[in-house]
Structures are given as structure tokens and as C-alpha cells.
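Enquirer: Single-letter residue listing:
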Amino acid sequence: MGFDKTRKACFYTNLGYLRNENRNDERSELWHASVTMEYPVRGRALRMGRKGVHPRRIHDNQGNKKMHIPDGFLTAQTWVPAWFLSAGGIGFCLNRAKKAMQDRAVPLMGVMAAFIFAAQMVNFPVLGGTSGHLLGGVLAAVLLGPFAGAIVIACVLVIQCLIFQDGGLTALGANILNMAVIGTMGGYGMYRLMRGRSGDHRRILFATAVASWFSVVLASSACALELAFSKTSPLNIVLPAMLGIHALIGIGEGVVTTLIVGFVLKVRPDLLHLLSHRNGMDGPFERGDAALNGQGGQS
Amino acid sequence: MKKKDMLWGLFVALTVALFLSPFASSWPDGLEWVAEGHGFLGKGEGIPVLASPLPDYIFPGIPNDMLATSLAGILGTLIVFGLGYGVACLLKRRNS
Chain P
1 MGFDKTRKAC FYTNLGYLRN ENRNDERSEL WHASVTMEYP VRGRALRMGR KGVHPRRIHD
61 NQGNKKMHIP DGFLTAQTWV PAWFLSAGGI GFCLNRAKKA MQDRAVPLMG VMAAFIFAAQ
121 MVNFPVLGGT SGHLLGGVLA AVLLGPFAGA IVIACVLVIQ CLIFQDGGLT ALGANILNMA
181 VIGTMGGYGM YRLMRGRSGD HRRILFATAV ASWFSVVLAS SACALELAFS KTSPLNIVLP
241 AMLGIHALIG IGEGVVTTLI VGFVLKVRPD LLHLLSHRNG MDGPFERGDA ALNGQGGQS
Chain H
1001 MKKKDMLWGL FVALTVALFL SPFASSWPDG LEWVAEGHGF LGKGEGIPVL ASPLPDYIFP
1061 GIPNDMLATS LAGILGTLIV FGLGYGVACL LKRRNS
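One line per chain: the protein sequences are P and H, in this order. With my numbering as the guide, the letters of the first sequence map in order to residues 1 to 299. With my numbering as the guide, the letters of the second sequence map in order to residues 1001 to 1096.
One or more hints might be untrue.
Said to hold, decoys possible - Restraint-style ranges between C-beta atoms, simulated for each label pair: (1) H:GLU1036 / P:GLY16: 17 to 27 angstroms; (2) H:ARG1094 / P:LEU85: 18 to 28 angstroms; (3) P:PRO234 / H:VAL1049: 19 to 29 angstroms; (4) P:LEU85 / H:LEU1078: 23 to 33 angstroms.
What the hints assert, rightly or not - Under the rule of at most 30 angstroms between Cα atoms (straight-line distance), these lysine-lysine pairs were calculated in the BS3-like manner: (5) H:LYS1092 / H:LYS1003; (6) H:LYS1043 / P:LYS231; (7) P:LYS98 / H:LYS1003; (8) P:LYS99 / H:LYS1092; (9) H:LYS1003 / P:LYS99; (10) P:LYS98 / H:LYS1002; (11) P:LYS98 / P:LYS266; (12) P:LYS99 / H:LYS1002; (13) H:LYS1004 / H:LYS1092; (14) P:LYS99 / P:LYS266.
As the list claims (entries may be wrong) - From the structure, some residues in chain H lie toward chain P, with a derived Cβ separation under 7 angstroms: (15) GLY1009; (16) VAL1034; (17) GLY1084; (18) ALA1088; (19) ARG1094.
Since the hints were derived computationally from the structure, they do not count as laboratory data. Quick reminder that beta carbons are idealized off the backbone N, C-alpha and C, glycines included.
Full structure from sequences and hints, please.
Expert: As C-alpha cells, then:
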């Protein structure tokens, strides 16, 4: 389109849609909207400015909903020990959770696992074309305690791997180790450290926020160590990169977890693990007087 | 936790899966972004060791991507709920 000298500037708008589908697992689509402006600078020289948005970027043939370590990132010398370590960690958690298990905790574990699975599907955008999603480790641990919390996250990871091909089967041990064992239990450790024995809601929420951020950073650094150990990427490169981006993603984790825990504190404070030390009521996983536990469920 | 609470919780989880998951950002997540930036994303793109029934959270045979994601989310939420509940039941039985 030629430029008319009598006009001061030209605008073009453009809306495009592109879809590519080869097989069921190879699809990509792109919406594109842009505005172009053309205006005279001096004499015949024209200048063009363009502003466009792409809500969905064109993707590689691999689909775009992978969140966990896939097959191939880790060598056998890493994923085999990771399987053993995670099996040991989850075995320990099963043992500890079993001892403190109560009737009330059974449906809560199912609901937490279901909710965390659903929430993990909702990626939120982070700076610069990256996204993050809830890990949920601290959320599960605050409500269920660290052991049942880790088991819940492991359940989510197993289903994601087996049914949805999110995270490789070889890397499943490492994913469980990073997120369920290290992330959840480490995050819970930070939560206890920050919270102490306090029952003050503001302090609980502050501890939750810090611990959630910490759990994401902790899990991502464990992942970076495994990648470096597999010689997939050198440690001095992959560790700062993983820490940097997950320090940002962790903020999202902190906000979401704190909002949910705040909501639970408002409507069902009795569900919070260890919340009720002061007034004598027990959380769903505390060993103690069954009668008191019955009362705890009524508030 | 009573049955009513459980159904409420499950309802919330299913709502998230049904209505929020299709609007998830499709930008690469933290690990994928680092892998892309440092040139090792390709290492994970071989043939997976285990072929899963619903790769990429897409329910097969549904032309609309968003609906396919929603349905996969619903199905996954229910399966994970069952697994979590089942494991908890087993733990409870072993305890008593």
C-alpha cells in the first residue's frame, strides 16, 4: 500500500490465526493481533512502528504443557539414585503419616490431592514469556502436616506422569524427590521455624508465604543439582538460572498459598495442622484425645 | 472433615479444573524456559519411556483445545482424588 503524502499517518490493524495439527500430540496454534503505524519523517522517508500481541506462541512439536523433568534430562547415574532416595523418603512419610492417621484426615487427603492437581494445571504468566504454576507442597503440609503433605504431592506427580506424560517415568523419582520430599518437607520446616508455636493468624500467614516461596526455590535448586550431576548443563550456569526464575515463580506460589490458607483459617480453622495447640484442639493428624478431635470438626 | 466438606472441596477442585485450566498460560514454565535458554530442551524431546493415554492434558478426540484441556483436568482431578483417598484409607486401616 503506497503512502499518500497528503495524509499524516497510516494505521494498519491485523488479526491472524494460525493452527497446525499433525498428530494428536503435535498441535500448535497462534493468535496474533497487531497495529502498525506508518508516518512520514522527512520527505519520502517513512517510519513504521508496530505493536503486536501473541497470546499463544507457536510451539515446538512437543506440546506446551510439560511442567516436570522429562525423560532424557537426567542420566541413569542420577535418576536411579533419585528413585531410591524418593522411595525411601516416601516410605518414611507413609510410616509417619500412618501413625498419626485419623478418620478426619482421609477425605482431606483426597481433596487436597485433587485440588493441587487442578491448581497445578493453571500456569500463571511470569516475567518475560515464562510461566509458573502452583507446587502446592506447603499448602498440603500446612493443612495435613509434612508427611501426609509429601504423600499427597507424590500422588499428584505419579498421576501426572502415568496418565498425562508430564514428567518422565525415569525422572519420576527425581520429581518426587524434589517436590514431594525436599520441597514439601523443607518448606514445612521453614514454616515451623517462622511460625513457632504461635496461633496468631497474621504470623501463620506470614510463615506460609515465606515457606511457600522457599519450597519452590529449594525444589528448583535440587532439580538444578540433578541436571548438573547428569552433565546436562554445568552447575554454575543451570543453578543461577533455575534459582532466578523460580525466585519469581515462588512469589506466585506464596501469594496463592497464602490466599488459600487465609481462606481456610477464616472458614475452617480446625483443618489447619497444629493450629490448635493453644486451645487444646487437635488438627486432623495430631495424636490425642478422640473426643477433642470430634469437637474440632464441628466449628 | 465431614462428607459435606469433602464434596465442597472436590467441587472447588473440579471448578478450577473445568474453568481455569483452559486459560492457563502456555508460556514455558521455569524448567522448560531454562532448558530452552541453555540449549538442553532437545534432550527431553525423545520418545518417552512410557506412552501415556492423555499426553499434554488433552482429552483425545475433541477438536476444541480448551474443552479437551477441561475434560482432561476433570478426569485427572477425579483420578488423583481417588488415589489420595485410597492411600489415606490404606494408611488408616493399617493404623487401626
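Enquirer: So, for every hint listed, does it hold in this structure?
Expert: Okay, the hints, checked on the actual structure:
1. H:GLU1036 / P:GLY16: 17 to 27 angstroms: holds, 24 angstroms
2. H:ARG1094 / P:LEU85: 18 to 28 angstroms: At roughly 23 angstroms between Cβ atoms, LEU85 of chain P and ARG1094 of chain H fall inside 18 to 28 angstroms, so the hint holds.
3. P:PRO234 / H:VAL1049: 19 to 29 angstroms: At 26 angstroms between Cβs, range holds.
4. P:LEU85 / H:LEU1078: 23 to 33 angstroms: Once the Cβ atoms are compared, 30 angstroms apart, the range 23 to 33 angstroms for LEU1078 of chain H and LEU85 of chain P holds.
5. H:LYS1092 / H:LYS1003: With a Cα-Cα distance of about 17 angstroms, the restraint between LYS1092 of chain H and LYS1003 of chain H holds, given a limit of 30 angstroms.
6. H:LYS1043 / P:LYS231: With a Cα-Cα distance of about 12 angstroms, the restraint between LYS1043 of chain H and LYS231 of chain P holds, given a limit of 30 angstroms.
7. P:LYS98 / H:LYS1003: holds, 21 angstroms
8. P:LYS99 / H:LYS1092: holds, 9 angstroms
9. H:LYS1003 / P:LYS99: holds, 23 angstroms
10. P:LYS98 / H:LYS1002: holds, 20 angstroms
11. P:LYS98 / P:LYS266: holds, 28 angstroms
12. P:LYS99 / H:LYS1002: holds, 21 angstroms
13. H:LYS1004 / H:LYS1092: holds, 20 angstroms
14. P:LYS99 / P:LYS266: holds, 29 angstroms
15. GLY1009: holds, 3 angstroms
16. VAL1034: VAL1034 of chain H check passes; min Cβ-Cβ to chain P is 5 angstroms, inside 7 angstroms.
17. GLY1084: holds, 3 angstroms
18. ALA1088: It holds, given that the least Cβ distance between ALA1088 of chain H and chain P is near 4 angstroms, below 7 angstroms.
19. ARG1094: Cβ of ARG1094 of chain H sits 5 angstroms from chain P, so the hint holds.
Hint compliance for this structure: no hint is broken.
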